[in-house]
Amino acid sequence: MKKNGKWLRESVLAYGLLACMAAQAQSQVAVNLHLTGATLKEVVTEIRKQAHVDIVYSNEDIRRLAPKNYNMEKASIGEVIDYALGGSNLTYEIKNGVIVIRQKSGDYITGRVVDNTGEPIPGVSVLLTGTSHGTTTNENGEFSLRTNKPDSKVTVRLVGMKTQELTWRGKPLRILMEEDTKTIDEVVVTGYQTIDRRMLTSSVSTVKAEDILRSDVSSIDKMLEGQVPDLISVTPSGEVGVAPRIRIRGTSTLIGNREPLWVVDGIVLQDPVNISPEELNDPDYINRIGNAIAGLNPQDIERLDVLKDAAATALYGTRAANGVIVITTKRGRVGKPTVRYSMNVNMKRRPRYSDRSIDVMNSKDRIQLSRELYNDEYIYPSNISMVGYEGALHQLYTGQINQAQFNTLVDNLETMNTDWFDLLTDDSFSHSHTVSIDGGSETSRYYASVGYNRDNDVVKGNHDERYTAILNLDTEFNRWLSASFGLNANVNERSYYQDEIAPIEYAYNTSRAIPAYDANGNLSYYQKMRTYHEGYNYNILNELGNRKDGAVEI
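In terms of the working numbering, the sequence shown is numbered consecutively and its last residue is 557.
Don't take each hint at face value.
DSS-like cross-link-like pairs, simulated, lysine-lysine; straight-line CA separation at most 27 Å [stated by the list, open to error]:
1) Lys531 with Lys463
2) Lys77 with Lys44
3) Lys165 with Lys211
4) Lys225 with Lys351
5) Lys174 with Lys44
6) Lys225 with Lys333
7) Lys52 with Lys77
8) Lys333 with Lys211
9) Lys152 with Lys174
10) Lys339 with Lys165
11) Lys71 with Lys174
12) Lys367 with Lys531
Because the hints were derived from the structure by calculation, they are not lab data.
Construct the entire structure; sequences and hints are all you get.
As structure tokens, then:
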């Protein structure tokens, strides 16, 4: 009996050995595969046709396997399956002459790395945290890494991307890589050179354009307000297109102005009009014509470096006595062409007499005030305009009308209630559009964009219109020779009224008892006095209608 038992055990072992040898021999059978975008099911079907082997798998296990291309001649079944399962959490083994595809045991960390568009990222470094044991992702962004303990941590790194540390819980990881925008703070651009911040001793502030972009303003200088320490930005009025007054280092006694120097991609920009120091603070010039970067589209800007101390003067001379703002525009990137479109739409509400912030007398209140001043024997200025109650009194005293006509005229004035805000302003809509494209290879990269911006003021006829275009090309011929080409073009058109007209101020300060039109619908004029004896006929709508005299277009 013992002898028979020994013989039985030896027979079973021999049978098992023969079965394994047979299965091993089957896995070495050569097959030819020429498949495009084939799933594992299709590959197994083709192997079965050619080699007549049994392959077992679970549909759930292979569900996430990405299709692959197969171009194999006289490849063994083992080589085919190894390729098909590469980068996945699956493996195979031979049991009783059958090839079984199954999930790997828990000592393998598997996963897939993708970007923010869902595209796989090859070549990403994946390390067991705290060790030098690691791997890289394949062309499908997949990886497999062996570990000896559960809840292992992996560190995922790629140049230009944020480093991530994740804990493996026994399931495949899906890792989303994000661009590392913080690297912008590691260097400082001075216009002439790029310096490691750790080696810098100057006072420099750096901001990323994407962090300060605002939809309610259309120029980068206005967006700087409150973003840079020690930089003061004051907009002198709410008029569209008005450049803010930027102060970094106070007032210069060397060149007679207070404006900082603007440098775009290493090029020093001058103001659009050569203005003398005596005219620099005239709001009709420097603030309305705009500064050196008034034609630059904020969507095309990558970063700004503000040089605030004496180092700026050392680089740019006395022109930088008020500080320097260095602008770096966007450049191309490695990858397929990417087209982007951005649009901003804004609405500005015109003032209304019903607004709480506008406390203006109506016609009846204004006539009553004039009566009280007259009864109190108030002495009017010699150049007061002959309009409203005062104008009616003047006509009565000079014999132009009688008492009855005077009373009728005053009664009409009390119910006039001219809506100057409605006549001089409108609810306005402003909009801006930018279309850009960027891409390139390791040796040549490009960035191009065109933009349009239309800022409409609440004052009728006031607007700021801008067309922009930019093209940046970068080429690397070899390790020591590279070239860059940049083209930046813009066209600006602005229309506004001179301070002598000032429609908003007129609407705030003019009596509502003054008519804009007469009974026949024609413009109603009144005597606007220069002195007590000298005046001229005036109607603000007539002044605004004659744009050659009343408005400026640049």
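For the pair supplied as a hint, Lys174 and Lys44, confirm whether the alpha-carbon distance does not exceed 27 Å.
holds (23 Å)
Sort out whether Lys165 lies within 27 Å of Lys339, counting only the CA atoms.
Holds, at about 21 Å.
Between Lys52 and Lys77, does the CA-CA distance stay at or below 27 Å?
Status holds; Cα separation ~15 Å.
Given hint Lys174 paired with Lys152 - CA-CA distance at most 27 Å:
Holds. Lys152 to Lys174 sits at ~14 Å (cutoff 27 Å).
Does the alpha-carbon distance linking Lys71 and Lys174 stay inside the 27 Å limit?
Distance ~23 Å between Lys71 and Lys174 Cα, so the pair holds.
Taking 27 Å as the top limit, are the C-alpha atoms of Lys531 and Lys463 close enough?
holds (23 Å)
Is Lys367 close enough to Lys531, meaning Cα to Cα at most 27 Å?
Distance ~22 Å between Lys367 and Lys531 Cα, so the pair holds.
Does the alpha-carbon distance linking Lys77 and Lys44 stay inside the 27 Å limit?
The hint holds at about 20 Å.
Is Lys165 close enough to Lys211, meaning Cα to Cα at most 27 Å?
With a Cα-Cα distance of about 17 Å, the restraint between Lys165 and Lys211 holds, given a limit of 27 Å.
With a cut-off of 27 Å on the C-alpha distance, tell me whether Lys333 and Lys211 pass.
Since the Cα atoms of Lys333 and Lys211 sit roughly 11 Å apart, the hinted pair holds (cutoff 27 Å).
Mind checking the alpha carbons of Lys225 and Lys333 for me, to see if they're no more than 27 Å apart?
Holds, because 20 Å separates the two Cα atoms, which is no more than 27 Å.
Holds or violated: Lys225 with Lys351, Cα cutoff 27 Å?
holds (17 Å)
Hint violations for this structure: none, all hints satisfied.
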